[in-house]
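This is what each chain is made of:
There are 2 protein chains.
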Amino acid sequence: MSETPAGSAEIVGGFQFVDVPTSQVDQWEADSVPVADAARRLNEALIRSRAEGEELRSIAKELEGLVERLEATAHAGPAGVRYNAEGRSWEWGNAAVGLRNVVAPPMTTEFTSTESVRGEAVLGAAYEGPPGMVHGGVSALLLDQVMGKTASRHHTQFTFTGTLTMKYLQPLPLGPVEVLGRIDRQEGRKVFVVASIGTPGSVAVSAEGIFIKPAWAEADAAAAAVNAD
Amino acid sequence: MSETPAGSAEIVGGFQFVDVPTSQVDQWEADSVPVADAARRLNEALIRSRAEGEELRSIAKELEGLVERLEATAHAGPAGVRYNAEGRSWEWGNAAVGLRNVVAPPMTTEFTSTESVRGEAVLGAAYEGPPGMVHGGVSALLLDQVMGKTASRHHTQFTFTGTLTMKYLQPLPLGPVEVLGRIDRQEGRKVFVVASIGTPGSVAVSAEGIFIKPAWAEADAAAAAVNAD
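As you go down the protein sequences, you meet chains A and B in turn.
Following the working numbering, the numbering of the first sequence begins with 1196 at its first residue and continues without gaps.
Following the working numbering, the numbering of the second sequence begins with 1196 at its first residue and continues without gaps.
With the rest of the complex left out, here is chain A (with noise of 0.2 Å):
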């Protein structure tokens, strides 16, 4: 990943402009699949495992070499958000939706409106709150990120958010989930968002947040510049 060509500075974390076009950033992400995959797999494997002492060291002898062939090119610092010239943008690193991030599920968003979102995810065993069920703090996560996403209204604002309230209507099963989100209104710079997440059909927990544009987010033409997923 030549990210870094001789003679220009590298910013770690930050909103990062990599001047390569959309294609390679395709062929990146679909090369972090399998690894991706097989780290989420490894981690499952590793809660429900009845392995002990002998064999746990010895494989954590292996992961040490693998982590260390994966720092050989690291960069320093977390993956930050990184866009190119063509509005493409990527940020594995995210919680909730980092391809690479094994903390993310991932979970998949799209927009079904300017002013809607929709996301989905498998939530496995490392997802475990209260036994059997999703952690009502994963669901957070999701909604939160979804909302967040909602409140962009299409990438053409940029917020933070504000306040996330959150009522647990039902417990929700480890498995398929569905995230939706909308937003109900603006006022000035404030966006209202509502949002759900549960199976389709059945809300597990319903949301509603207020997200804030900063004062020095005025430039919408920058922020539709950058157009994520």
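Some hints could be false.
One copy or any two copies: either way a pair holds, since identical chains are not told apart in the list.
With a straight-line cut-off of 16 Å between C-alpha atoms, the simulated EDC-like cross-links for lysine to aspartate or glutamate are [unchecked claim]:
{"hint": "1", "residue 1": "K1362", "residue 2": "E1403"}
{"hint": "2", "residue 1": "K1362", "residue 2": "E1249"}
{"hint": "3", "residue 1": "K1385", "residue 2": "E1281"}
{"hint": "4", "residue 1": "K1256", "residue 2": "D1226"}
{"hint": "5", "residue 1": "K1256", "residue 2": "D1232"}
{"hint": "6", "residue 1": "K1362", "residue 2": "D1232"}
{"hint": "7", "residue 1": "K1385", "residue 2": "E1224"}
{"hint": "8", "residue 1": "K1256", "residue 2": "E1382"}
{"hint": "9", "residue 1": "K1362", "residue 2": "E1266"}
{"hint": "10", "residue 1": "K1256", "residue 2": "D1214"}
Think of the hints as simulated: they come from the structure by calculation, not from any bench.
Dock chain B against chain A, hints included.
Leaving out everything else, chain B in the frame of chain A:
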């Protein structure tokens, strides 16, 4: 991990009694630390690595081999919450505190009184939301975990999350974080908890929650027997 002595049925997930002494559980947990640490470092290295096609495929293959080894002795289904006769419990699959779960930082928590809890975690690149900052939903996850533990009034009552409200006061940079929770009041089966996440002396997100003791959870004595952590 000989959790299923000959003749005993294995309950997948759920609250499962396992007849082993606390010293054995402590040993299992100590044995888990190196491999879980390595798995977390693998995740961070994967997020930040510039390795491409061939190298990623090779690493994926090695990971698959490790998945097979862990699967060979894995029990089916999620980890659930397990406990022994001494009241020691463990939930390795928990998304916030699960020792063996890469999704969890993990956060460590302790009761600072029967009505208050303090948690801490170090949030690396895998917990990113806005560039260089903790994902708002990750704050929610850790707050929910601490608030739920707080509502248990030092494990003397069992509750579910009813409602959570979070106010995002300022961005929270990746790094060490502190989560504080305390019971504000209790009205019948409703427990009102307040909490915050930030760094010592600086609150990034403040939260209020209502936790509900289900009607069937009358057996406070039974709950008191399950003394987690």
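Right, here's what the structure says about each hint:
1. In this homomeric assembly, K1362 and E1403 come within 16 Å of each other (Cα to Cα) both inside a single copy, at 9 Å, and across copies, at 12 Å.
2. Within a single copy, K1362 and E1249 get their C-alpha atoms no closer than 45 Å, and across copies no closer than 46 Å, so neither meets the 16 Å cut-off.
3. Taking CA atoms no more than 16 Å apart as the test, K1385 paired with E1281 passes in neither setting, with 29 Å inside one copy and 52 Å between copies.
4. In this assembly of identical chains, K1256 and D1226 lie within 16 Å of each other by CA distance solely across copies; the values are 13 Å between and 25 Å within a copy.
5. For the homomeric pair K1256 and D1232, the shortest alpha-carbon distance between copies (11 Å) is at most 16 Å, but the shortest distance inside one copy (21 Å) is not.
6. Taking the shortest alpha-carbon separations for K1362 and D1232, neither the intra-copy value of 32 Å nor the inter-copy value of 34 Å comes in at or below 16 Å.
7. Taking identical chains as interchangeable, the C-alpha atoms of K1385 and E1224 are never at most 16 Å apart, the minima being 34 Å within one chain and 46 Å between chains.
8. Taking the shortest Cα distances, K1256 and E1382 never come within 16 Å of each other, neither inside one copy (55 Å) nor across copies (52 Å).
9. For the homomeric pair K1362 and E1266, neither the shortest alpha-carbon distance inside one copy (42 Å) nor that between copies (37 Å) is at most 16 Å.
10. Taking identical chains as interchangeable, the C-alpha atoms of K1256 and D1214 are never at most 16 Å apart, the minima being 37 Å within one chain and 31 Å between chains.
The structure shown violates the earlier hints numbered 2, 3, 6, 7, 8, 9 and 10.
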